[in-house]
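Same order as they appear, the protein sequences are chains A and B.
Under this note's numbering, the residue at position 154 of the first sequence is numbered 154, and the numbers go up by one with no gaps.
If you want this note's numbering, it's the position in the second sequence, counting the first as 1, plus 1000.
Calculated from the structure, these hints are not laboratory results.
A hint or two may mislead.
List of simulated lysine to any residue pairs, SDA-like, C-alpha gap at most 25 Å [stated by the list, open to error]: (1) Lys293(A) - Glu1125(B); (2) Lys293(A) - Met1090(B); (3) Lys216(A) - Pro140(A); (4) Lys383(A) - Phe1011(B); (5) Lys293(A) - Ser1005(B); (6) Lys107(A) - Lys293(A); (7) Lys379(A) - Gly1016(B); (8) Lys335(A) - Pro71(A).
Since this is a predicted model, take the numbers as computed values, not measurements.
Chain by chain, the residues run as shown.
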Amino acid sequence: MEPEAENIRYYHTLKILEEKCQGRMRCMRKCPTQAIRVRRGKAHILEELCIDCGECINACPEGAIVPLTDPVEQTSKFKCRVAIPSPVLYSQFSVDIHPPEIFAGLKKLGFDYVGDASSACEAMSMALRIYLEEHTGPWPVISSFCPAVIRFIQVEYPGLTEHIIPLEVPRELAAKEIKLELSRKLNLPLEEIGAIYLTSCPAKAVSIRQPAEKEKSWFNGSISIADIYNPLLSAIMSLREGEFEDDLNQPSAIGMGWKVLGGTCSFLESGNCVAVSGIVELTRILDDIEKSKLREVKYVEASFCPEGCIGGPLAVENAYVARVKTIRLEDRYGKRPRLQEERVRQLYHEGHYFLERRIQPRPIKPLHPDIAKSIALMKEKEKIYNLLPRVDCGLCGCPTCLTFAEDVVKGLLDISDCLYNSIRRRSSP
Amino acid sequence: MNDDSLLDLEFEIIGGDFNQAGRVSTRLKSILKEVGFNPQVVRRVAISTYEAEMNVVMYARRGVLRFKASPQRISIVIEDEGQGIENIEMAMKEGYSTATDEMREMGFGAGMGLPNIKRNSDRFEITSEIGKGTRLKVTIIAGDGTRS
């Protein structure tokens, strides 16, 4: 195991606007890794623990937590700008707006090219099938496409990183193939081509700036679907006849399915695949894998957002409606494979679909670097915890009594900061 | 040994309580992770305590799990009051199980428990008395005390 450098700074895309924050603690209670504390009435994110899932964005009633994706206007520094929307975008508009109109709308907004990521998803579906045929264990393997899941495993389940499939994620494959092709076609060096990902996911924006599995992403930036939605819709509405062509060969229906919970499983057509989404179920499955309880399961498709990427915090459409729209699009484009499996198999064995490096654990900092001292602190923490009401009221600004005890042994809080206890003391005779 | 650096915890496990089964293992896992033990050591502890917990839940009335961790080694002792194991040699074989159909329907009792614990431990001792109960002691070497 290669531990990460000690004082590495993690890049995050979530920012709390202090002037807007009312300290209502909704984000603190919602955060799955307990990475938020409220101090002096304002929420703070503990960088080391944050996995950029975006749960806090929607939890905040004040809208004080914003994703730091790139502004729509940015990216003009490139000679050639190519937008690569996540197939989630296809499901965000009314049912009579199809991908070709969306592509044309994006060009109206100033992109020189628009690339489709769904065919890369289809290629990765086939690569995944080959991987499962050839893999010999440990089982079950866990999908690699959701960066929030990857970071959740790195932080909370560091012992399970070896279960993560070392296959490239479709968005990176799409960016790589599209950029290389444009570079050849336009005779431009790669640095002059700016690939922008349009996404429903703050964690993907992070993984583009600080990938877990490679030096550098093929993307040069990302734009939130929520940010581009209105300008894009106006651009689509202003399209005239002849400005786009409906090409039924373009997007891949198999690929679009990736963005919906169970999409990769349904392609595999196998009885020992499990699709799981949402933090509660995800935690249960990962706990079971850690205890080696999931013996019959070979493949776990895991996405952080309920219903998959279509349920991402930066999406506009309701996830359930988006799911139905995706199914309609799949019917429209037909679920027959666009790619030749033999070709994919050949590229697979040439290493085309693999990550540059395997995902490494990113365990949280222990209580103390010296294990003996760390154990002593843990005993102290247990002692403090036993003095606490264990109701997890959160009034101290910590999400749970256990995190309060931790902050006390770390010297960040004093035991007298427990309001519940001090009220209880005052009211007892 | 310095007493401060020895973590000593005790948990009670109730027989037949499938809803609570696995809680001890999950709790120990998060404690060890926070202390900073190597993730693979944490995982071995999680697996062996889970299997041991399940054995108590399935075959005993009640049991106690005593957990001790020092920077060098982790020891887990599980003592239960229950039916005991008639043939330990057989019980150590993969796939051998005396689980009822009901347990199997719930996805347990595949006969992997004890072998799995043994596989994940550095020392494994088991004694059992019919009609009285079983005592299991598992030792896992955690390292030389420094962070991996």
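Okay, the hints, checked on the actual structure:
1. Taken as a hint, the Lys293(A) and Glu1125(B) pair is honoured in the structure, with Cα atoms around 23 Å apart against an allowance of 25 Å.
2. Distance hint between Lys293(A) and Met1090(B) is fulfilled; the C-alpha atoms sit about 22 Å from each other, no more than 25 Å.
3. Of the supplied pair hints, the one linking Lys216(A) and Pro140(A) is violated, its CA atoms being roughly 28 Å apart against a limit of 25 Å.
4. For the hint pairing Lys383(A) with Phe1011(B), the CA-to-CA distance comes to about 16 Å; that is within 25 Å, so the pair holds.
5. Proposed proximity of Lys293(A) and Ser1005(B) is contradicted: the alpha carbons are some 31 Å apart, above 25 Å.
6. Among the hinted pairs, Lys107(A) with Lys293(A) is inconsistent with the structure: their alpha-carbon atoms are about 50 Å apart, more than 25 Å.
7. A distance of roughly 31 Å separates the Cα atoms of Lys379(A) and Gly1016(B); the hinted pair therefore is violated under the 25 Å criterion.
8. A C-alpha spacing of about 35 Å is found between Lys335(A) and Pro71(A), which places the hinted pair above 25 Å, so the restraint is violated.
The structure shown violates the earlier hints numbered 3, 5, 6, 7, 8.
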